[in-house]
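Chemist: Given the coordinates of chain X, assemble chains F and P onto it according to the supplied hints.
Take a look at the letters that make up each chain.
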Amino acid sequence: MKTMKLALGPLLYYWPKETVFGFYRDAAGWPVDTVYLGETVCSRRRELRLEDWIAIGRDLARAGKEVVLSTAELIESDADLRAMHAVAGNGAFRVEANDMAAVRALAGKVPFVAGPFLNVYNAGTLRLLAELGAARWVAPVELSREGVAAVVAEAHEGIETEVFAYGRLPLAVSARCFTARYHNLTKDHCEFRCLENPEGLALDTQEGEHFLVLNGVQTQSAGVHNLLPVLDEARAAGADLLRLSPQSRHMGEVVAVFREAISGALAPDAAATRLAPLLPAAACDGYWHATAGNRLLGAGSRAEK
Amino acid sequence: MKAAARRLPAPIRAVASRLPRMPASIAFATGLNLTLRRKFPAEVMDRLEGHTFAIVVEDAGFELLFRVRGRRFVPVAKAEEPVLRFRAVAWDYAALAAREADPDTLFFNRRLVVEGDTEIALLVKNTLDTIDIPRTRSILRRAMRAVGPGAG
Amino acid sequence: MDQGVASPALRTTRMKLVCPAGTPPALKAAVDNGADDVYLGFKDETNARNFAGLNFDDRSLREGIDYAHRKGAQVLVALNTYPQPASWRKWQAAVDRAAELGVDAIIVADAGLLAYAAKTHPGLRLHLSVQGSATSHEAIAFYHEHFGIKRAVLPRVLSVEQAEKVVARTPVEIEVFGFGSLSIMVEGRCALSSYATGESPNTHGGCSPAKAVRWQPTPGGLESRLGGVLIDRFGEEDHPGYPTLCRGRFVVNGDTYYPFEEPTSLNTLELLPRLQAMGVAAIKIEGRQRSPVYVETVTRVWREALDDCAREPQRFRVKPAWQEALAGISEGRQCTLGAYHRPWK
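Protein chains in written order, with this note's numbering: chain X, 1 to 305; chain F, 306 to 457; chain P, 458 to 802.
Any given hint might turn out to be false.
[As the list claims (entries may be wrong)] Which stretches of chain P does chain F cover? Using the computed rule of at least three CB atoms under 8 Å from a CB of chain F, they are:
id	region
1	472-481
2	501-514
3	670-676
4	696-702
[What the hints assert, rightly or not] Cut-off 30 Å, straight-line C-alpha distance, at most; resulting in silico cross-link-like pairs (DSS-like, lysine-lysine):
id	chain 1	residue 1	chain 2	residue 2
5	P	Lys622	P	Lys776
6	F	Lys344	P	Lys500
7	P	Lys547	F	Lys344
Hints in this document: simulated from the structure, not taken from any laboratory.
Computed from a predicted structure; not experimentally measured.
Quick reminder that beta carbons are idealized off the backbone N, C-alpha and C, glycines included.
In isolation and in its complexed conformation, chain X is listed as follows:
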């Protein structure tokens, strides 16, 4: 059976430029196969320009990584469209398209990655994207094990499947910035407050349950989606790559645990034990088991429907 590859998803938070450079300098030494780069969440985040991302990409490529540049999750303005075209036409690296305008910009020109925000829930949609040049698709986070397996079963031969396997889930995007709103600011005058929180603003219910994370215009899960205990299921469902979403601390160790668990160097129990202290919050995996995403079921469990 084929070995699953590891992909480092695009950085979803807003960090100072030097922090980002440092993070990816380290990443060059991590056992990941693919690194997704670029600002996908908010067009006001400009610590890094496209040239900076490309420079990081070149370093990572030299270190043997496959580099992919991701387009924005939400396009609103002409400037957003120009930014998307700049990424799509970067000429150096493969591109992950996260909206249909980006798909249109890439279709028929170069092979691309159909990103997790394209809403690929069925083989009909995947077939269409494959015909337009998608070489890989990233399943929507809501799609369950059965859902992924069923799409894969009907998909084109040769198209790669990537599954979101670790990290806080990007659940929603809005025109409104919730970080700015928390600070009583408007988005246009947000003072770049996202820089203050390297993993977003924690949002709890009124009874103290950790529930979501505000990350600018994006809303994430508070729970850390974790498929480490179900790697065999992911492989059986057809995953070729597992996406690990960057966090501010211990990311290299997280990658290492996944790598060793995939290779079999680390037994499942030992892997779980090693990963536990690296999680920034409680784990969840409900989506994989076709139930509420905030639930944790773990290995060998089936959600009662």
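Modeler: Quick look at chains F and P alone, frame taken from chain X:
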């Protein structure tokens, strides 16, 4: 601010609250059988089968209780825990039945309180919305005009 | 990038009024009060308002189409959720049924389903649903080039200036939301509901499925919960909204507030002359889950407003009576222009 609801005049309220509950429930269930039973799709009645419902007329100070059994509405005497309990004043119930008021708006304004199983509540609300009873509606509308805005 | 300006003829086109119908009486209320288009769904998860007791079966749809056509209105069927492989045939069959019943258009989000519809029923008019999340003229062009969509519904995320640019650069009719409950998140890109319940608009055709909702009176107030998660707690003087997470009150760094949005309704009456001048083809009213009373009230007000606007756009004034009627059926006590007004963001 709670939008003002029209309440029953005090004398009527005093009498109504002393009415025995069972005859009112019997009359109400009979009314439901006459007006709604045949209009409710069988699959909806089956979904409601065996459940008890309570309609609290707050300004009259009484509660109507009925259950669905064998696809009919039957009155219930005992105050067993209903699957749904509605609370509103008589006027608002009449306005809902006459399609003069919107249930969601009454709900947003705290004039219609719904306690219990939300899915059944939604099913009942949507099924009632599906039913066309123009005659009953126009009678109610006329009656409400006759009572007029002075009530309360 | 393809540029281009809408033709002058388009600019004077009267905007269509697109009204919701969750039930046959709501359809009648919409048609009788002047809706140009009525949109509705089948009784299953093929549409994004899949709630118990709501929507149409083949018989009621056939009658609804007859009724609407007799009175000059059109019927649009929303098939705007994302089918998964196990249920694909059901969505495919729904497209076929809609076509056979003679609906005037279907409103679709999923690219695979659009491809099927375009291929199988070339004569069937296709609208891109708001759930398709097309926020730029280039995204709309994708759907136009591949499936020949005739109309696209814009997600509620663009400012008026941004929407104007989209309209000017696409040959596709643009429909925008005019009134109703406000979606805070980009439509088709929100999984908050499924994070708490396992079901979302994309996967199951509904946000906050009723079976996961609990309203519970407690000493601390009326509590609303979704999948066990406390959305909000309402005191005597508070006004509850729909039990969706984006309207909840939560705690961030010790502050309890509405981190996403207060229970509020979108209301763009005052923008009508501008929307008409920029060439918007249709105004959509939200609310397939609402009662016939709601549909009747909103349709009446918006019909009058659209007629006023078409007649004399320069002298258009929002009448207090309209606002009062709409406020009487709105979610929340306030209305907002939402993203149309940039500072909202």
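Chemist: Counting residues of the region 696-702 of chain P that have a beta-carbon nearer than 8 Å to any beta-carbon of chain F, does the count reach 3?
Modeler: Contact hint for the region 696-702 of chain P vs chain F: holds, 4 residues under 8 Å.
Chemist: Examine the region 501-514 of chain P for residues whose CB is less than 8 Å from any CB of chain F, and state whether their number is three or more.
Modeler: holds (count 4)
Chemist: Taking 8 Å as the Cβ threshold, is the statement that the region 472-481 of chain P is covered by chain F upheld or broken by the three-residue rule?
Modeler: holds (count 3)
Chemist: Holds or violated: Lys622 of chain P with Lys776 of chain P, Cα cutoff 30 Å?
Modeler: holds, 29 Å
Chemist: Is the straight-line distance between the alpha-carbon of Lys547 of chain P and that of Lys344 of chain F 30 Å or less?
Modeler: Holds. Lys547 of chain P to Lys344 of chain F sits at ~28 Å (cutoff 30 Å).
Chemist: Please verify whether Lys344 of chain F and Lys500 of chain P have alpha carbons no more than 30 Å apart.
Modeler: holds, 18 Å
Chemist: Taking 8 Å as the Cβ threshold, is the statement that the region 670-676 of chain P is covered by chain F upheld or broken by the three-residue rule?
Modeler: holds (count 5)
Violation of the numbered hints given earlier is absent; every hint is satisfied by the structure.
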